[in-house]
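Residue numbers (our numbering), protein chains in the order written: chain E, 154 to 534; chain G, 154 to 534; chain C, 154 to 534; chain Z, 154 to 534.
Keep in mind that a hint or two might mislead.
Each pair may be met inside one copy or between any two copies, as identical chains are not told apart.
[As the list claims (entries may be wrong)] Heads up, simulated BS3-like pairs for lysine-lysine below, C-alpha to C-alpha not over 30 Å straight-line:
#1 LYS498 / LYS272
#2 LYS498 / LYS440
#3 LYS225 / LYS533
#4 LYS533 / LYS270
#5 LYS460 / LYS194
#6 LYS225 / LYS413
#7 LYS440 / LYS306
#8 LYS460 / LYS394
#9 LYS533 / LYS161
#10 LYS225 / LYS161
#11 LYS306 / LYS342
#12 LYS490 / LYS161
Read the hints as simulated data drawn from the structure, not as lab findings.
4 protein chains.
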Amino acid sequence: MGMVGGGKDAFIGAIHRIAANMDGLIELSCGALSINPEIAKESGKELFLPEDRTYLTFEEMIKKESQMPADKRIDFITIVTPNFAHYAPAAMALDNGFNVVVEKPMTFTLQEAKDLKKKLEESGLTLCLTHTYSGFPMVKQARDMVRNGDLGKIRKIIVEYNQGWLSRLSEREGNAQASWRTDPKKSGKAGAMGDIGTHAAHLAEYISGLQITKMCADLNILVEGRALDDDGNVLLRFNDKVPGVLMASQVAAGEENNLKIRIYGENGGLEWAEQEPNTLWVKWLDKPMQVYRAGANAAGASSFEIKNCRTPAGHPEGYLEAFANIYRNFAHTLMAKIEGTEPTKEMLDFPGIEDGVRGMAFIENVVASGNSTEKWTDYKI
Amino acid sequence: MGMVGGGKDAFIGAIHRIAANMDGLIELSCGALSINPEIAKESGKELFLPEDRTYLTFEEMIKKESQMPADKRIDFITIVTPNFAHYAPAAMALDNGFNVVVEKPMTFTLQEAKDLKKKLEESGLTLCLTHTYSGFPMVKQARDMVRNGDLGKIRKIIVEYNQGWLSRLSEREGNAQASWRTDPKKSGKAGAMGDIGTHAAHLAEYISGLQITKMCADLNILVEGRALDDDGNVLLRFNDKVPGVLMASQVAAGEENNLKIRIYGENGGLEWAEQEPNTLWVKWLDKPMQVYRAGANAAGASSFEIKNCRTPAGHPEGYLEAFANIYRNFAHTLMAKIEGTEPTKEMLDFPGIEDGVRGMAFIENVVASGNSTEKWTDYKI
Amino acid sequence: MGMVGGGKDAFIGAIHRIAANMDGLIELSCGALSINPEIAKESGKELFLPEDRTYLTFEEMIKKESQMPADKRIDFITIVTPNFAHYAPAAMALDNGFNVVVEKPMTFTLQEAKDLKKKLEESGLTLCLTHTYSGFPMVKQARDMVRNGDLGKIRKIIVEYNQGWLSRLSEREGNAQASWRTDPKKSGKAGAMGDIGTHAAHLAEYISGLQITKMCADLNILVEGRALDDDGNVLLRFNDKVPGVLMASQVAAGEENNLKIRIYGENGGLEWAEQEPNTLWVKWLDKPMQVYRAGANAAGASSFEIKNCRTPAGHPEGYLEAFANIYRNFAHTLMAKIEGTEPTKEMLDFPGIEDGVRGMAFIENVVASGNSTEKWTDYKI
Amino acid sequence: MGMVGGGKDAFIGAIHRIAANMDGLIELSCGALSINPEIAKESGKELFLPEDRTYLTFEEMIKKESQMPADKRIDFITIVTPNFAHYAPAAMALDNGFNVVVEKPMTFTLQEAKDLKKKLEESGLTLCLTHTYSGFPMVKQARDMVRNGDLGKIRKIIVEYNQGWLSRLSEREGNAQASWRTDPKKSGKAGAMGDIGTHAAHLAEYISGLQITKMCADLNILVEGRALDDDGNVLLRFNDKVPGVLMASQVAAGEENNLKIRIYGENGGLEWAEQEPNTLWVKWLDKPMQVYRAGANAAGASSFEIKNCRTPAGHPEGYLEAFANIYRNFAHTLMAKIEGTEPTKEMLDFPGIEDGVRGMAFIENVVASGNSTEKWTDYKI
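Generate the whole structure from the sequences, applying the supplied hints.
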């Protein structure tokens, strides 16, 4: 693995490294860790990278690595830069035969996303998008129960992702995370909707198997002085006219990462929240509520749930393990392809190019709906 | 107290009687308990009413009672019939000098509500509307904290009331509760929005002190064969452009009475849910979350909270006590008026005619918005 | 109903009155509400008692009431005085043909308890002991599931009742509740063990159907200056050598009324806590946990559970309703006896004389064990 | 790092590898992974170990590694074998200059533990004992709050670790984990008390800073056919006569890993449970309860808490991260020693030889108390 971005002054890069390390399948071999050469070098040293594979630009990294012998060079690059700087390294990596892991939202514009899709179709390479929450075992359990028809026909979906960390204008106080996320030139058309609304939308589609077809968005700037939405509420319509609600806020003061989903069907409803991720509540219409719990050995565990656990029930896994599941499944897929075998459906269970395109379409559409005076806006892709 | 409706085949009448009994301040003295004379008589007997005060119609009751000597006749009537049958007894009671307790929504139409308001202004009598949830101690604690500015300026409100009991067409299987509630001739213009959406809207306005000014409603009939909404999601705008979301469903299979409200301000957010009513979660931006608990002796309790508790912290009170708080405050208000003293603000803390008019306006407006293709509909009253 | 104790300066008397009022079956007709004549009179007035039935002593009350015609006089007396003043009015009431409701612990000594038992056997009258917690619907649900063998053979019981209100020497600061409870002359041999340990022991025996046969007690005085235990931990042995643990503390600072029980059997365990009383957690060995919920209409509800609910699932009932269930069942039993019919097992489901004798035996035995240097003390009665 | 035990048929070895991998500080370089040569070889291959460092016995590994040049050979060995096989590799490692990580309980007998202590004192090497739960951020937060005197003088400690996985005789059905743990020749004198009771005792002493001085144990075999306790309840006395209760069961059917501790002081109590590890409940005597949450950026976080977090508040960390904290702190300590600097107190914050000796003393003493007919047994070391 070679990393683009993620130097010592960054946040998500460290998370990616832990996730990649966890199962002993992936090794960080090189990096272009910062556009600041000093930071790039220092970060490489801290991470025990050899000096000659501590690059100053992603272009250099991709060029040099592609010239190395097959058994030495990296298998994929991981892109953990701000949104506006996803496309260029991803495109160049694909053009040079490297698989790609990329942070969400996948690109800066929908057009870039479609362009990457084309490159993937042409190259046969693999792209992995780190929609972390789809990596949680109980999210997979929920998906399997919906797929299995346990809830009957789905009738309603409520998904929300509430944070409070942008409750003040911290982008003006030197908070680097806040700074690029609230800047339309780095973040894109949307603020909260791009940063966390995309996660919520992805989770709803991932579990339910349905897709959003219409939206009615109310996007707000609740902290004065911002250029992008820091809060939004969206009425949804999924396939089969299933109604839904999506709420995302980064100014819900006091909230940490309150991502929560509820899906109701004819026979019952299920509820999952990231902050207590090892529990899946299933409320039945005609029988007592059930509480499914994560764990390879847990009662009622689905095959996908089991494959994405490392500990027995009651020893909680968390965000880093969910992240690691995405890397592990991706790694297994690459290994299968290298060995010439067909990856299993469990291996292929990580977000990819289709999710990335839909994420960018979500951003385009939700902003369009937010700006419209009509109630419903069709979801275009 | 004389009761209209609430015979042995009804539900909410029994709840009212328990609530009125609880504090030993109110006595059921007479009733017109059913439009079915047999049931009216049997119900009177079961409730130990004297035969000569077991009436067959509310007209008879109001007429006869108004002819009794002041120290014998009832002080107020309680109306627990279906929505379409609220106005007539309420109007006649007011015209004959009786105070009124009435179930929500207050009337069948907004016009009736305005009419009752006029009668009250002219008569100086008192009307109490049983928006039960405003009777919970921790709802009052929440209101006091908002009023006190603890959260800073309010930024966002999310309120939801999810039930599952209409997940099947139970109105066709002899469920009396389901039957009138899903019938536009008895229930009014709205289904779920009238029955529980009004509770949610009232709670949001009661705690926040703000009022809804615009709505964007998506009302749905999710169980085929119904004439009225059984589910709805509404984007809101309160005073000062504060955004909000209101969700109400009676087909959220597996839910019981999941009424929940979250209010976010500059400094933090608070959260309350009926199903764990003695707890108020307060999440701060800059300090650890606090958990306020109900109880006359509870740490940090506000004066309104204390006045509406009967037990020490840790001995849970519930729905019936919240209901009884409304009756008790109403009774204290009547007693003060009878004694010629000024009721205190704590006594006057029960929903009344203004809440009733706003509730009916909510129904009119939410249905109008639901039918509109424009995003925002102004809240008219 | 005639009340002994419970004047305006008392706590539990008001709770009893609410509980008795709730269902409209019981009327407070007379009282000897305080040993202070002023308070007795004022309290009678506040409670709307007629002057001639506002007595100054229980002796006067029992004497005068027993001389009244059968259709006028009370059916039972309720004793809500401190422990040392339970026996005399109870004995006199029974001797004069009145049924009795009495607060726990039933008497001051085990001998008094046995004496009351004899009077009951001779008179055929009924005594009801207000072990409140056995009145909760989900406690009954738990008992029914154990009885039904759902958990298999019972293997272990953990019961605890932790409060914090005696964490300071509040008995020296004019706290009347604290004052008599920490005084051996008024409270009896035990402090916390008598006041709340008896509740815990009763709950464990009530749900499990087992009886304590041995104890190993560690009783402590954790706040200096006290004469009676304010904290204790007890190893238990029930029938069939089932092990258990009972913990009770009134100096667990920060706790409210944290009464909680866990019972484990071969197939699973159940857990109930007063502070969230409408939920019963059932953890299975081989299947997902289930959450049973209170409510007359709740899924999986047992017949006893249903009989002791007033509201549908999701409208929480609490401590006062549990208390009222004891009064209601007792009242139905008296009514059946008056009508000459056999009370049903649901009517007879309230704690009585046997529970009272066992409660006093618990106190004697736990204190004996606490004073012993031997590990195990046999439970003698 | 070289690993002893932990082959492909084992459980805890994989956990250790993930924990060691997580932060990119430690590399698995060699192993004697199984006493079965086939499994040892296959496991080495699966873990990408070079063939010449895939050893068949720990003796071979220690001998060969000690002959390698300093910059090639491992810095420490990790012992993840059953209890009876801890001492020999630990002693040999220390004798040959290797630091040691070892699973708990540290040895088979107290004497072995004391012997290791002597070797450490003589060699100046470092031993790390994986009492996982002390690695959780909120455990450290709790310890810091106790140390800081926030609760006032400690008055009572309740600690419990309940599991259900031995509810059946699974050791007879080929469950390898169950098999050695229930075998006195492999597990030692105690069953549940050794396996999980030691964790509970360690947690209580770690957070409170107090030490157990007396015990009164009731050890049980609740599943017939066992030779060692599978359940136990122990009354405790800590320094300053502080009372406590320790419960540990492996037959609490339905429980997963319900490790929970409550500590009460003069001003309030705190509560932590492994199954919701990122939350610390602090219940105050005089103010509303507070909920501290894990996260490097969490409000009120102590310095030790911050050092042991990887993610912001609301992205849950779990068991593996707690485990990794122990490895990370240990690794930082070794690195400091190698660099000749003084490890900080935060680096030194991992369980070591003293904890190991006390753990073995706990086992000896609790078994002695269990066999005694006297109430209290002094804790001897």
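Cross-check of the supplied hints:
1. Only within a single protomer do LYS498 and LYS272 lie at most 30 Å apart by alpha-carbon distance; the minimum there is 23 Å, versus 52 Å between protomers.
2. For a Cα distance limit of 30 Å, the shortest separation of LYS498 from LYS440 across copies, 26 Å, qualifies, whereas the shortest one inside one copy, 33 Å, does not.
3. In this homomeric assembly, LYS225 and LYS533 never come within 30 Å of each other (Cα to Cα): the closest approach is 43 Å inside a single copy and 59 Å across copies.
4. Taking the shortest Cα distances, LYS533 and LYS270 sit within 30 Å of each other inside one copy (17 Å), while across copies they are farther apart (49 Å).
5. Only between protomers do LYS460 and LYS194 lie at most 30 Å apart by alpha-carbon distance; the minimum there is 25 Å, versus 38 Å within a single protomer.
6. Neither within a single protomer nor between protomers do LYS225 and LYS413 lie at most 30 Å apart by alpha-carbon distance, with minima of 43 Å and 49 Å respectively.
7. For a Cα distance limit of 30 Å, the shortest separation of LYS440 from LYS306 qualifies both inside one copy, at 18 Å, and across copies, at 24 Å.
8. Taking the closest pair of Cα atoms, LYS460 and LYS394 never come within 30 Å of each other, the shortest separation being 33 Å inside a single copy and 42 Å across copies.
9. In this assembly of identical chains, LYS533 and LYS161 lie within 30 Å of each other by CA distance neither inside one copy nor across copies; the values are 39 Å within and 50 Å between.
10. Within a single copy, LYS225 and LYS161 get their C-alpha atoms as close as 26 Å, and across copies as close as 28 Å, so both meet the 30 Å cut-off.
11. In this homomeric assembly, LYS306 and LYS342 come within 30 Å of each other (Cα to Cα) only across copies, at 28 Å, whereas the closest approach inside a single copy is 35 Å.
12. In this assembly of identical chains, LYS490 and LYS161 lie within 30 Å of each other by CA distance solely across copies; the values are 25 Å between and 33 Å within a copy.
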